[in-house]
Amino acid sequence: MSGRGRVSLFVTCVVDQLFPSAGLAMADVLEGLGYDVAFPPQQTCCGQPAFNSGYPNQAREVALQFLEVFRAAGHDADHIVVPSGSCTAMISHHFADLNLNPPRVWEFSQFLLEVARVEDVGARFDGVVTFHDSCHALRELHIKQGPRRLLGKVRGLTLKEMSIPEECCGFGGMFSVKFPEISQGMTRTKIASIVETGASAVVALDASCLMQLQGALRRDGHSVRTMHLAEVLASR
Amino acid sequence: METNIQQTVADPKLQLAIYTATGRLKDKRSESVGPDALPQYQELRNRANLLKRHAIENLDLYLEQFAANVEAHGGKVIFCDDGTQVADFVLGLAKERGARLIVKSKSMTTEEIDLNERLEHHQLESVETDLGEYILQLAHERPYHIVAPALHKTRYDVADIFTRRLGVEREEAIEKQTMLARRVLREKFLSADIGITGANFLVADSGAVVVVENEGNARLSMSVPKIHIVIAGIEKVIPRAQDLAVFLKLLARSATGQPLSVYTSFVSGPRRPGEIDGPDEFYVVLLDNGRTKLLADPEKRQSLFCIRCGACLNACPVYRKIGGHNYPWIYSGPIGAIITPQFHGFSEAGWLPFASSLCGACGEVCPVKIEIPKVLLALRREVNAAKPKSWEYRAFQVWAWVMRHPRGYQFLSRLAPRGAMQSLLPVRNVPPLAPKSFRQLWAEREKAKQARHGA
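So the sequences go chain by chain: A and B. Our numbering puts the first sequence at residues 1 to 236. Our numbering puts the second sequence at residues 237 to 691.
The hints are simulated quantities; they were obtained by calculation from the structure and are not laboratory data. It is possible that some hints are incorrect.
Here are the simulated lysine to aspartate or glutamate pairs, EDC-like style, with alpha carbons at most 16 Å apart [as the list claims (entries may be wrong)]:
id, chain 1, residue 1, chain 2, residue 2
1, A, 144, B, 405
2, B, 685, A, 119
3, B, 262, B, 600
4, B, 536, A, 97
5, A, 153, A, 119
6, B, 262, A, 28
7, B, 262, A, 97
In isolation and in its complexed conformation, chain B is listed as follows (with noise of 0.2 Å):
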C-alpha cells in the first residue's frame, strides 16, 4: 500500500491528470449549488439528510413496500445476502433461458460484488457498456473514482487499450475513439439476452427503480434485451416519488454539475400490452452484502445515507493524491475511507480513518450531509480500542499526563535543547521549538510592566 502510494505521489504525469479532471468537477458542482444557481441548496441538503435518515431507519418497512410494489406491476425481487447469491441468480436465469451476452450499464454495486468475473467464470459475457467502464473492462483495471470511473486514463491511455485490445488502428482523437466504442456496443446492445443496471433510486411508493446516467446505454441496456434484471444496494431506497424531487436536484450537481443529468429513467416493470419497448421480464436484485451491519450503530449509520455522486472525492486532498486505486475497495475517496473499514474491518482497511487532515471538505460538499469527518473519528477511536496497548496509546497517556500536570509540562518546556517537550507536540516538521516559550516571554513582559509602574 505505501509504496504505491509514493508511487502515485511521485508519478507527474497522473498528477496533473487526477488533479485537473478532479479540480474540473470540484469546480463546475460549486458553480451549479452556487447562490444564484441554486438559492435552495442548503435547505435542500437538509431535506435530503431527513429523508435519507428516515429511509435508513424504516429500512425494512420500505423495502417491503418497494418489492410489493414491484411484483404488483408483474416484475419480481430477489433479495440477496452477497455476491454469491447475486451470481447465482443471474447464472441461473441465464441458463434457464439460454442467454450468452449480457450488456451492463455502470454500477458500483455490481463492482463491488465483481459481478463479470463471476459470470466470465461460467462461459457468460458481460459487456460493460459505460465508456469509462467499457475502457477499464478491456484494461482489466477497476475503477478509479465512483463517477468518472477512467478519471486517471488519457486519450493516449486508451488510443492503447483500444489498440491492443480490439486489433484497430491507433486513434488518438476522443470523437474517434468515441465513435469506435460506439460502434462496437451497438453491436453488442442489440444481440443481448440480458440487460443488467444498477440504480440511483428504489421508490418505495410506486415501485419504480431511477436511473441517472448521460450516455444512453443504461436506457438500452434496460429496454433493447428481452430480460432487464436491476441490481440495486438495499440502502437506495427512499419513500416517496416526491422525494425525487429533493434528490434529483442534488445528485447531478454534486457529481458532474450539471443541474440534471442527460438521462434520468424511471421503470417499473416489464413491457405492458401496448406497449412498444420494454423487457419482458424484469428483476430486481436487493443486496445486502454487509449494509445492514452498518444499521446498528446510531453514528456510523449514515454512511448508507451516500447517493453515490462522488463529490466527497473531488473536495478532498488526500484522493486527489493518491488517486483511486489505492484505496483497498472500489470506493474511494472519503465515503471509501469510511465504509470500506465497517464493510470489511480494520486488518484491510483499519488505516483509512487515519489517512485524512480531517480537513472537512469533504463533509462541506456532500449533498445529503454525511458527516464523514465524525465517523472518521469514530473510527479511529474504534481501532485504537482494538489495540490497546501500542505505543502509541502509551505515548499518548504520557502526553495526557504531562499535559495535565502544568510543573512537568513547564519543567520540560525550559529543558534545553527542550528535544523532550518537541517530541510531546504533535508536529512533524517543526521549526526548531523557540528559544523561549511564551510563558517565559509573558512572565519577563509583565515583570517589566511592573517594574516601569512601580518607578
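For reference, chain A alone in the conformation it holds in the complex (with noise of 0.2 Å):
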C-alpha cells in the first residue's frame, strides 16, 4: 500500500504542545499519498526562538539537537517534512549562520508539490476560506500560489482572498512578549481583513501565525476558525 518512500515529521514544538491536530492531519495526509511516515521521537525544536531572540550559542545547542535526531535511524536521508514556513527557514537558511549544515527540509505544501507533485490530495471541505502568508514562508521560502493551487483542488473549497493576505500577524516570537501594543495593534489590522471576506475560516501554514490570529479572533467574538493547509487538507 505505500512505495513512495519514507518520510520523517519534523513537527515542530508549537505544533507537538500547541496544535497536535495539525501534526496529525499532515501525517494522515502523506500517508494517504502512500508515503511511510516516520516520527523521530526524540526531536525537540529547531532552535528559532533563541536565534531570533539573540542567542546564537543557545540556538546553536538546540539546532545540534535537531541534527543529531535526524541524523539517527538515517532520517535525514529521508524527506523531512514541517508543517511550518518559519521553523522550515530557520533549517535551511539560518543553520548555516549558526555554522551548522541542515539536511534538506521541505515545508509542508512544498514537499506536496515539488517532492510528491500532487495538486489535488482527494480532500473535502465545505466552505469559504481566506489564506495568511506567513512571512518566511513567503518571504525567504518565497511560497506563495503553492497553498493556493492545492486549496483550489479541494472540493466544495472557495477561496476568497482578504486585502492584506502579505501583512504580517503580529506575532514574531519574543516581539510579541516584549511590544505587545504594537504586536496586538498589527493583529488587529489583520484580523479586520480576515473578517471582512466573510471566510469561515482562516488557513496558514504556520501554526504560530494561528496561534496569534486565534487569540486576537476569540477576544473580539469572531467565529473565524483557524486552521493549519494540512488539516483542510485532510478534511474528507
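Two chains, each in its own frame: build the complex with the hints.
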C-alpha cells in the first residue's frame, strides 16, 4: 500500500504542544499519498526562538539536537517534512549562520508540490476560506501560489483572498511579549482584513501565526476558525 | 517611550492617517516596480547593491575623487566630523558675507544635526522650503517620515498651524494652503543670501551633486541665492555618472511610485562665465557624524547603502502602527531601527532591533537590498552580549537545556496542567496547551495501528 518511500516528520515544538491536530493531519495526508511516515520521538525544537531573540549559542545547542535526531536512524536521508514555513527557513537558511550544515527540509506544501507532485490530495471542505501568507514562508522560502493551488483542488472549498494577505500577523515570537501593544495592533489590522472576507476559516502554513490570530479572533468574538493547511487537506 | 507608543496605537485618527498615507505610497511603489512597469527591477536592485557595496568599500578613494572634481569646477569641499563643525562653517561664512537669511530644501542630513536650531541660536534665519518641512518647521516638529515629513498632518492640522503661526485667515483647502505657502516662500527665495540643499548622490567621476525633488524648491534654493551650500553624508558618493542610470530608476519608484521625480538637478560648481543662473559660490560639506564607525563591521556596513527612499517605512507593519515620532532619532522605520543603535549606542536605542516581528517586508522592498532583518539580528546579539546576566539570558539557558534533553522536554510536556511547558514556548496569546501533545497522540496512533495489523 505504500511504496513511495519514507518521510520523517519534524512537527515543531509549537505543533507538538499546541496544535497536535495539524501534525496528525499532515501525517494523514502523507500516508494517504502512499508514504511511510516516521516520527523520530527525540525531536524537540529547531532553535529559532533563541536565534531570533539574539542568543546564537543557545540556538546552536538546540539546532544540534535537531541534527543528531535526524541523523540517527538515517532520517536525514528521508524527506524531512515540516508543518511550518518559519521552522523550515530556520533550518534551511539560518543553520548556516550557526555554522551548521542542515539536511534538506521541506515545508509541507512545498513537499506536496515539488516532491510528491500532487495538487489534488482528494480533500473535501465545504466553505469559504481565506489564506494568510506567513512571513518566512513567503519571503524566505518564496511560497506564494503553491498553497493556493492545493486549496484550489479541495472539493467544496472557495478561496477568498483578504485585502492584505502578505501582512504580518503580529506574532514574531518574543516580539509579541516585549511589545504587546504593537503586536496586538498589527493583529487587529490583520483580523479586520480576515473578517471582511466573510470566510469561515483562515488557513496558514504556520501554527504560530494561527495561534496569534486565533487569540485575537476569539477575544473579539469572531467565529472565524483558524486551520493549518494540513487540516484542510486532511478533511474528507 | 512605551506610553507614547500606546498613545499612538490607541489614537484612531492618527492610525488612519499613517495607515492610509503609507498604504498609498506602498501600493504606488509596488505598481511602479511590477513586472509590466519595470521588468528589469530585480536586476537593477542587484546592480544597485553591488555599486553601493563597491562605493562604501572604497569610500576614501571616491570621496577624494569627488572632492578633486568639485574643486576643479571652482567649488570648495569641506569635510566635517559632526554637526558643530557644519554649523561653525555655515555661521562663519554667513558672518563673512553678511548673510541673514537662508533658504533650505529638504535634507535628512541637516535634520540629523539640528542645523536650523544651531543657526537660529545665532540669529540666522533658516527657512525650510519643502512644503512638508515648512509645515513642520512652523509646528516645531521633527519629520515623521523620511520622504513624507508631514505625513501625520491632516489639512485641518495644517490649517491650524498656518493660522496660528502665519496670522492668516483659516484655510482648509489644500490647494489654497499650498498657494499661501508658495507666496510666503517665494519672498524668502528672492531675499535669501544662502541656499542650503542636501544631496541624493555625489558623483565621483564628475564632481556632480544630484538632487531629486518634486516641488522645485531645491532647484530654487540652489540657483537663486548667491551662495549654495550642499550638506551631504559621506555615504552618498557613487563612482560614476552612468551609475545614476541604475539609482534614478529605483529611487523615485521606491519612494513614491514615480518613474522619475519631477525635478532631477545636477550641479557641479558655481556659475561659470556666460551662464545665466547659478550661485557665485559653491560649497559641498561632507559630513561624517558617525558614519565611519559603521564601516568596520562587514555585515552591518550595508546600513550605509541606504538611499533614503522610505520604502521600508511604508512596508513596515511596526512603523505603520507606531508612526515616526516614537523612534528616538529622525530616521524612523526599519532603517532607523538599524542605524540609530549603531550611531547612538544601545542605551538610547537598544530596544529598536527588538521592536520587529522580523517579517522581512523591509528587506523585500529595499531598492539597494540592505538585508535589514539580518542586521536587526546582528544587533540583537550585540545588545544581549552587552548584558550577559539578564533574566532573559538565563531563561534561554534553561530553555536550551530542556530542548537539548528530550527526556526533560517529554517530562515537562506530560506535566499537568503543563504550565511549565507553556512558559517555555515562545508565545504569548497562547491558547491552552492541547490536552495531549503530538508525541503522545502519535504513540497512541502507532499502537492502534500495530494492534490492527497484529489482529
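Does residue 97 of chain A lie within 16 Å of residue 262 of chain B when you go C-alpha to C-alpha?
violated (31 Å)
Residue 262 of chain B paired with residue 600 of chain B [C-alpha distance capped at 16 Å]
holds (12 Å)
Next pair to validate is residue 262 of chain B with residue 28 of chain A; report whether the Cα-Cα distance is within 16 Å.
violated (41 Å)
Distance restraint between residue 144 of chain A and residue 405 of chain B, which requires alpha-carbon spacing of 16 Å or less:
violated (53 Å)
Please verify whether residue 536 of chain B and residue 97 of chain A have alpha carbons no more than 16 Å apart.
It holds: about 15 Å lies between the C-alpha atoms, which stays within 16 Å.
Does the alpha-carbon distance linking residue 685 of chain B and residue 119 of chain A stay inside the 16 Å limit?
Given that 16 Å is the threshold and the Cα spacing comes to 27 Å, the pair is violated.
Going straight from one Cα to the other, do residue 153 of chain A and residue 119 of chain A come out at no more than 16 Å?
This hinted pair holds, its Cα atoms lying about 7 Å apart.
Going through the hint list in order, the structure does not satisfy hints 1, 2, 6, 7.
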